[in-house]
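This is what each chain is made of:
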Amino acid sequence: MFAQSDKLTVSGYIKDNKNGEGLIGASIFVKELMTGTTTNTYGFYSLTLPKGNYSLIISSVGYRKSIKDIKLIDQNVTLNVEVQEDGQELAEVVVNAKREDDNVQAIEMSVNKIDMKTIKKIPALLGEVDLVRAIQLLPGVSTVGEGASGFNVRGGGVDQNLILLDDAPVYNSSHLFGFFSIFNPDAVKDVKLIKGGIPAQYGGRGASILDVKMKEGNAKKLEINGGIGAIFSRLSIEAPIVKDKASFIVAARRSYIDVLAKPFLTGDNADSKFSFYDLTAKVNYNINQNNTVFLSGYFGRDVFGNDFGFNWGNSTLSARWNHVFSSKLFLNATAFYSNYDYLLDSDLANKRPNNAFRWTSNIENLSFKPDFTYYINPENTLTFGGQVLNYDFTPGSATASSNGDKRTFGSAPKNAVEYSAYVGNEMKVSSKLSLQYGIRFSRYDYTSKEDVYYERVKVGISDEFPSGYDINTKPNDPNKVLQSYQNFEPRFSMKLETSESSSIKASYNRMAQYIHLMSNTAASTPLDVWTSSTNNIKPQLIDQVALGFFKNLGENEYETSVEVYYKDLQNQIDYADRSDLFLNPEFEKDLMFGKGRAYGLELYGKKNKGKLTGWVSYTLARTERLVEGLNNSDWYPNRYDRTHTLNVVAQYEVNKKWSFGANFAYISGVPYSLGKAQGYYEGLPIGITDNGVRGNVRVPSYHRLDISATKKNKKALFGKGESEWVFSVYNLYNRRNPFSIYTRPKEESAQSQVGVVQNEAVRLSIIGSFIPSVTYNFKF
Amino acid sequence: MKSIIKTIFSLFIGMSLMSCEDVINLNVPETEKYLVIEGTITDAAGEQVIKLSESQALLSSSTTPRAITNAVVKVTDNTGKVYEFKDLKNEGKYVWSPASTTEKMGTIGKTYTLKIEAEGETFQAVSELKRVPKIDSIVYKYEDSPNLNQTGDDKPKEGYDANFYAKDFVGVGDCYRVKVYKNGKLFSGAENIVIAYDALLNKSSVGDGLMFILPLRRAISPELYAENDKLKVELSSITEAHFDFWTQLRTELNNSGLFATPAARIPCNVINVNSSSKKKAAGWFGTSAVTSFEVTIDKNKAVKEFND
Numbered sequence: 001m002f003a004q005s006d007k008l009t010v011s012g013y014i015k016d017n018k019n020g021e022g023l024i025g026a027s028i029f030v031k032e033l034m035t036g037t038t039t040n041t042y043g044f045y046s047l048t049l050p051k052g053n054y055s056l057i058i059s060s061v062g063y064r065k066s067i068k069d070i071k072l073i074d075q076n077v078t079l080n081v082e083v084q085e086d087g088q089e090l091a092e093v094v095v096n097a098k099r100e101d102d103n104v105q106a107i108e109m110s111v112n113k114i115d116m117k118t119i120k121k122i123p124a125l126l127g128e129v130d131l132v133r134a135i136q137l138l139p140g141v142s143t144v145g146e147g148a149s150g151f152n153v154r155g156g157g158v159d160q161n162l163i164l165l166d167d168a169p170v171y172n173s174s175h176l177f178g179f180f181s182i183f184n185p186d187a188v189k190d191v192k193l194i195k196g197g198i199p200a201q202y203g204g205r206g207a208s209i210l211d212v213k214m215k216e217g218n219a220k221k222l223e224i225n226g227g228i229g230a231i232f233s234r235l236s237i238e239a240p241i242v243k244d245k246a247s248f249i250v251a252a253r254r255s256y257i258d259v260l261a262k263p264f265l266t267g268d269n270a271d272s273k274f275s276f277y278d279l280t281a282k283v284n285y286n287i288n289q290n291n292t293v294f295l296s297g298y299f300g301r302d303v304f305g306n307d308f309g310f311n312w313g314n315s316t317l318s319a320r321w322n323h324v325f326s327s328k329l330f331l332n333a334t335a336f337y338s339n340y341d342y343l344l345d346s347d348l349a350n351k352r353p354n355n356a357f358r359w360t361s362n363i364e365n366l367s368f369k370p371d372f373t374y375y376i377n378p379e380n381t382l383t384f385g386g387q388v389l390n391y392d393f394t395p396g397s398a399t400a401s402s403n404g405d406k407r408t409f410g411s412a413p414k415n416a417v418e419y420s421a422y423v424g425n426e427m428k429v430s431s432k433l434s435l436q437y438g439i440r441f442s443r444y445d446y447t448s449k450e451d452v453y454y455e456r457v458k459v460g461i462s463d464e465f466p467s468g469y470d471i472n473t474k475p476n477d478p479n480k481v482l483q484s485y486q487n488f489e490p491r492f493s494m495k496l497e498t499s500e501s502s503s504i505k506a507s508y509n510r511m512a513q514y515i516h517l518m519s520n521t522a523a524s525t526p527l528d529v530w531t532s533s534t535n536n537i538k539p540q541l542i543d544q545v546a547l548g549f550f551k552n553l554g555e556n557e558y559e560t561s562v563e564v565y566y567k568d569l570q571n572q573i574d575y576a577d578r579s580d581l582f583l584n585p586e587f588e589k590d591l592m593f594g595k596g597r598a599y600g601l602e603l604y605g606k607k608n609k610g611k612l613t614g615w616v617s618y619t620l621a622r623t624e625r626l627v628e629g630l631n632n633s634d635w636y637p638n639r640y641d642r643t644h645t646l647n648v649v650a651q652y653e654v655n656k657k658w659s660f661g662a663n664f665a666y667i668s669g670v671p672y673s674l675g676k677a678q679g680y681y682e683g684l685p686i687g688i689t690d691n692g693v694r695g696n697v698r699v700p701s702y703h704r705l706d707i708s709a710t711k712k713n714k715k716a717l718f719g720k721g722e723s724e725w726v727f728s729v730y731n732l733y734n735r736r737n738p739f740s741i742y743t744r745p746k747e748e749s750a751q752s753q754v755g756v757v758q759n760e761a762v763r764l765s766i767i768g769s770f771i772p773s774v775t776y777n778f779k780f
Numbered sequence: 001m002k003s004i005i006k007t008i009f010s011l012f013i014g015m016s017l018m019s020c021e022d023v024i025n026l027n028v029p030e031t032e033k034y035l036v037i038e039g040t041i042t043d044a045a046g047e048q049v050i051k052l053s054e055s056q057a058l059l060s061s062s063t064t065p066r067a068i069t070n071a072v073v074k075v076t077d078n079t080g081k082v083y084e085f086k087d088l089k090n091e092g093k094y095v096w097s098p099a100s101t102t103e104k105m106g107t108i109g110k111t112y113t114l115k116i117e118a119e120g121e122t123f124q125a126v127s128e129l130k131r132v133p134k135i136d137s138i139v140y141k142y143e144d145s146p147n148l149n150q151t152g153d154d155k156p157k158e159g160y161d162a163n164f165y166a167k168d169f170v171g172v173g174d175c176y177r178v179k180v181y182k183n184g185k186l187f188s189g190a191e192n193i194v195i196a197y198d199a200l201l202n203k204s205s206v207g208d209g210l211m212f213i214l215p216l217r218r219a220i221s222p223e224l225y226a227e228n229d230k231l232k233v234e235l236s237s238i239t240e241a242h243f244d245f246w247t248q249l250r251t252e253l254n255n256s257g258l259f260a261t262p263a264a265r266i267p268c269n270v271i272n273v274n275s276s277s278k279k280k281a282a283g284w285f286g287t288s289a290v291t292s293f294e295v296t297i298d299k300n301k302a303v304k305e306f307n308d
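If you're matching them up, the sequences are chains A and B in order. Residue numbering for the first sequence follows the working numbering, starting at 1 and increasing by one per position. Residue numbering for the second sequence follows the working numbering, starting at 1 and increasing by one per position.
Treat the hints with care, as some may be off.
What the hints assert, rightly or not - 30 Å max Cα-Cα, derived DSSO-like pairs, lysine-lysine:
#	chain 1	residue 1	chain 2	residue 2
1	B	279	A	458
2	B	279	A	474
3	B	141	B	232
4	A	406	B	134
5	A	712	A	120
6	A	406	B	279
7	A	273	A	351
None of these hints come from the bench; they were simulated from the model. Here the structure is a predicted model, which is why all the values come from computation and not from measurement.
In isolation and in its complexed conformation, chain A is listed as follows (with noise of 0.2 Å):
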């Protein structure tokens, strides 16, 4: 098809020729017609040239420049490269495979990429090198305080957020509620944060995409990685199957605390179990030039209680093709399963079966999803493809059985499909300007599987009615789909040069989200609720548009950038007063609908080369949220509002053995609410609010040093390999950083006596010390 009979292509694939990964994102750049392109997520390219010969210098950061020369007369080429990681010069901190001046090149805008080995050098709490936590310190990203689960992109919820690992979404990002991410650092090959300009083929979350990419295993030697922390211990084998053709990458973490906290421990303490971990596994195998095959997958697991038992966790399972049909059509197509559940019994030991509680909730996913790249020409590049998607939810079941009656409740089972296609096309219009402009259509089916369903009424605010809804309870066909929803979602993003190291970028998406994280608390729970739109819950839909400047200075060894976005968010869920959410049918009495905006400024500047690289970034932003009968109709700013938000991370590699990091992070605080006055109630103080009242008052700002010295040692434990010692502070200077405020009766007065009970305020401190921490990481 679209036959050039004076054209001809040059495809293959780019590859470190050390392990064999191959590189996301290198340059292939054809010296004749000063012109190119770059691999795509597994390394791919393809370039359809005039016939003639030519060379292609590969330049990745972090590596050596390769120049091949081809000719291109009579047939299509296949040139497969294996770049050499530069490791003479010391400056080359920073190895990611991306063009040097990608910042102000590529057309995307709104995007954050780092590296492991950046992430790995960024001073961490308690030593653990965490995924998540290193992306709350690029610009427009932030969380509701220390320990708080996920984290919250331009003002969106962490819910808007479609974190995504080797393709497969996951649910709950965090292990031990907030502390830390899900993600092994020496499994993961390559992490990328899209903030606005969102391309068509994703879709389904509203503020970013969250692509985390495992790394396949070496293929061309064994490799052991591994590490003792103070939370963790690490270990990860890789390791060819056939050397070039296949390999496999096992990952595994576990914690244990509950191993040194044991001695602490008494009573109806003493079995208490306290562990969480996590195992990352990998496998590929290149069949031929054409086809590679890939299966990964991830179980972690939290671990809580003793008699009583809580226990959550993610599972996911990829499967992926990567399938060359010419050297202009590239496919990856995807089929995953993901799973996220959690469960509480309390009775885990099984010694009293006839008076125990049981308690689970899961949402889980099945979706095959084909992805095509078709290289047009090199002014062209198209991408369609689709996904069906099909969501399980429960949302929660529960058994309570009381001298051996038994009486089982909860929300009942909801099914849901999720189609999606979309279209998009990446154009050079000319030298200087470029556009991606696509298209996504999504259609969500979904189907109660109860016998009745739900339909909200209006009855206007009361004590009865928090939200000012009733639920009507009508007959449902559990066969038929109860409600569809469809929309279309214009993704568009222009580049224009401005000078050879400067561009402008601007962006506009929409983005159509139909699950909903069920959450009314100031951190989300592990027990937080993933429910489906449904009748009554309308999709989120969000509109973002972005304007940036983008520069980078001397031979591109500094990227600034300034960006502007605001978006409109529609449908968005805040909860009533007293609304409950869990295990209850009729939650969604409790919910209350509104619209939301946000808009910010960020900038950026980064440096990339010499002894000291890092970055500053620093965020100005608004994110607030209007719902009739909350704060009396009027905007108020969501839970996680931040105004000022400043993060600096630093890293100085001294020598070959030595090298130091630090950041620094100053945020401003989050609004809380507080009550109005108070009076006495059987001698207890109850405080007297109006209904929906929400963020009056703000918490004070947060501001923290942390600091991190590496030692690399030439030979690890047993003479061989490679061994490095992390010594890091987090909290430097010992700050107590205020959490929330609120306030709680007085310890003295609680106690049990007949009497009046003092209410008192209470600054709460997540980490309220310094950290010191050493890690151990080898390598063979």
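Let chain A serve as the given structure and place chain B on it in line with the hints.
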């Protein structure tokens, strides 16, 4: 349900010694004044009391709010019988005194209307007196160490752990409050609010007609008891709306940490009859039927194991 996570979370955080709470001074400006009503009519013999006071600034250091005196307080039942409450000592404590020691004011199934005329405003509240089951038994056993909820600096390190047994009526929506007295003294702290929806803890759960579930049975031992302690458990019926009131009061008293919810309104069933008046009420007018069970802890009557 949130309390479960909070417990687990605090366990971890406590262990790690990372987190800390500092008492701070918050200056909360005084806003409008509310009339605070505290009173529950019961079917027990004897006096009935309704207290009226004025709200204070949030976090006020005074534990003696201004009493509302000179009010006219009357309760009328659905048959039209009027009960007058008098502020005998001029302290905002309005009392109805029975004519005889056996006369009871409250009757199960009747609806009571409270009317208050205070400081130029008229307030009204309506509540039905609901049924309550009797308590079947209290059972206790010796424990050589307290459980997590019984641990505290001033609490006994060993003693008797008690459970009580009562069965919910068949029919969804019976609500109860459990009060516990040790040697005549009520456990009245913020952590001692024990309420039940049918036989379970939460409103959205379905536990109709069950024996009160284990956590409720155990709630009568906020600490371990000693030999010869008198333990009395009172089970009171409350209306569903009163259950909502207690649920939210308890939430607000324990609303802390990572998983706090925004401050929310605690419901109030006392309404200013002049809806355009700025003067509002807080608190609750309740009606309860009460049953009780009392034991004196005797080591010879202790069980070896609870039968659960």
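- Numbers of unmet hints, in rising order: Per hint list: 2 and 6 violated.
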